[in-house]
Amino acid sequence: MESVETRELRYFVAVAEERHFGRAAERLGMAQPPLSRAVQQLERRLGVSLLDRDRRGVRLTGAGETLLHEGRAALDAVTAAARRTRRAGAADARDGRGDRLVLAVKAGFSHELLHKLLDAHAAEPDAAEIEVVPSGLCEQAGMLRDGRADVALMHTPFNSLSGFDSEELLTEGQVVVVPAAHPLAARRSLRVAETVGIPDLPLARWSRHGLYPPGPGPEIHDQTQLAQLIALGRTAAVVPESARAWLWAEHTAVPLSDAPPVVTHIAWPAHSRSRALAALIRTATRL
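Quick note on numbering: our numbering labels position 280 of the sequence shown as 535, and the sequence is numbered without any gaps.
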């Protein structure tokens with residue numbers, strides 16, 4: 256069987272995600288007829304039906320679901336290879352070395368741990384340059400897969416570590432951050448059930464891949480927005496204990512007595528063979 260071209264995968268993934276040839280063509284910046292022909296040609300070459308078509312749009316077959324999952328991973332791998340190669344080339348041009356790493360971290364999380372890690376790493380001989388990139392609540396996995404990051408600090412149970420190698424670095428409790436003037440701020444601790452359904456203080460809703468869980472709370476895009484809305488008495492948020500580092504005077508963090516612990520991991524792509532990354536991991540595990 257012939258191999259599948261990257262261009263064909265991009266075409267198919269666009270159609271599969273949009274569930275419509277017209278919208279996919281617009282997203283790709285091309286006409287619909289050649290897009291339809293390209294997908295039909297891909298089906299003939301693979302010998303399977305990928306899509307069920309009707310006037311309303313398209314529906315994925317079982318084979319189509321498989322190719323969508325595998326195709327996304329393949330496209331991410333191609334993009335990651337290009338990004339990491341460009342980073343290495345830029346480092347070579349600058350100082351003759353390609354040992355530069357991008358570390359993705361959630362804004363406001365694991366502040367003390369991150370500070371210790373960077374200081375310890377910088378003290379190592381021939382330490383690689385580390386670029387710290389703050390990310391959204393659940394962005395780290397995508398950044399590792401598509402090459403925007405080489406390594407990340409991730410937190411279970413919030414993040415999935417599937418497909419990555421990782422080491423545990425820190426275990427901590429959770430707190431609920433409420434406005435300092437709210438009656439709940441006077442409590443010494445709360446149970447998780449007490450944070451749900453508070454009429455005047457709905458929990459913030461974080462985006463995952465552009466989608467938000469149902470509920471009355473505001474849609475949150477970044478940490479600054481979250482901090483401001485809590486200070487204004489519009490929302491509350493459940494976060495790890497280490498997030499106290501970014502609290503304002505208008506905030507109060509109340510421990511959650513029955514919340515599961517949060518474990519901070521350092522995670523990286525399982526196929527990585529970077530010596531600079533290996534050195535960073537060794538430093539992290541020593542902490």
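Keep in mind that the hints were calculated from the coordinates and are not lab data. Computed from a predicted structure; not experimentally measured. All C-beta atoms, glycine included, are put in the ideal place defined by N, C-alpha and C. Don't take every hint at face value.
Said to hold, decoys possible - Derived DEER-like restraints, expressed as beta-carbon distance ranges:
no., residue 1, residue 2, range
1, Ala362, Arg338, 19 to 29 angstroms
2, Thr316, Arg528, 17 to 27 angstroms
3, Thr316, Pro288, 15 to 25 angstroms
4, Ala329, Leu487, 56 to 66 angstroms
5, Leu283, Thr479, 31 to 41 angstroms
6, Arg262, Asp307, 20 to 30 angstroms
7, Leu487, Ser258, 24 to 34 angstroms
8, Pro473, Gln295, 37 to 47 angstroms
9, Pro412, Asp331, 49 to 59 angstroms
10, Arg446, Pro288, 53 to 63 angstroms
11, Pro288, Gly397, 45 to 55 angstroms
Okay, the hints, checked on the actual structure:
1. Ala362 - Arg338: 19 to 29 angstroms: 21 angstroms, holds
2. Thr316 - Arg528: 17 to 27 angstroms: 37 angstroms, violated
3. Thr316 - Pro288: 15 to 25 angstroms: 22 angstroms, holds
4. Ala329 - Leu487: 56 to 66 angstroms: The hinted range 56 to 66 angstroms is violated for Ala329 and Leu487, with Cβ atoms some 45 angstroms apart.
5. Leu283 - Thr479: 31 to 41 angstroms: The hinted range 31 to 41 angstroms holds for Leu283 and Thr479, with Cβ atoms some 34 angstroms apart.
6. Arg262 - Asp307: 20 to 30 angstroms: Since Arg262 and Asp307 have Cβ atoms about 23 angstroms apart, the given range 20 to 30 angstroms holds.
7. Leu487 - Ser258: 24 to 34 angstroms: 55 angstroms, violated
8. Pro473 - Gln295: 37 to 47 angstroms: The hinted range 37 to 47 angstroms holds for Pro473 and Gln295, with Cβ atoms some 44 angstroms apart.
9. Pro412 - Asp331: 49 to 59 angstroms: For Pro412 and Asp331 the Cβ distance comes to about 23 angstroms; the hint is violated.
10. Arg446 - Pro288: 53 to 63 angstroms: Check passed, 59 angstroms falls within 53 to 63 angstroms.
11. Pro288 - Gly397: 45 to 55 angstroms: 32 angstroms, violated
In this structure, the hints that do not hold are numbers 2, 4, 7, 9, 11, in rising order.
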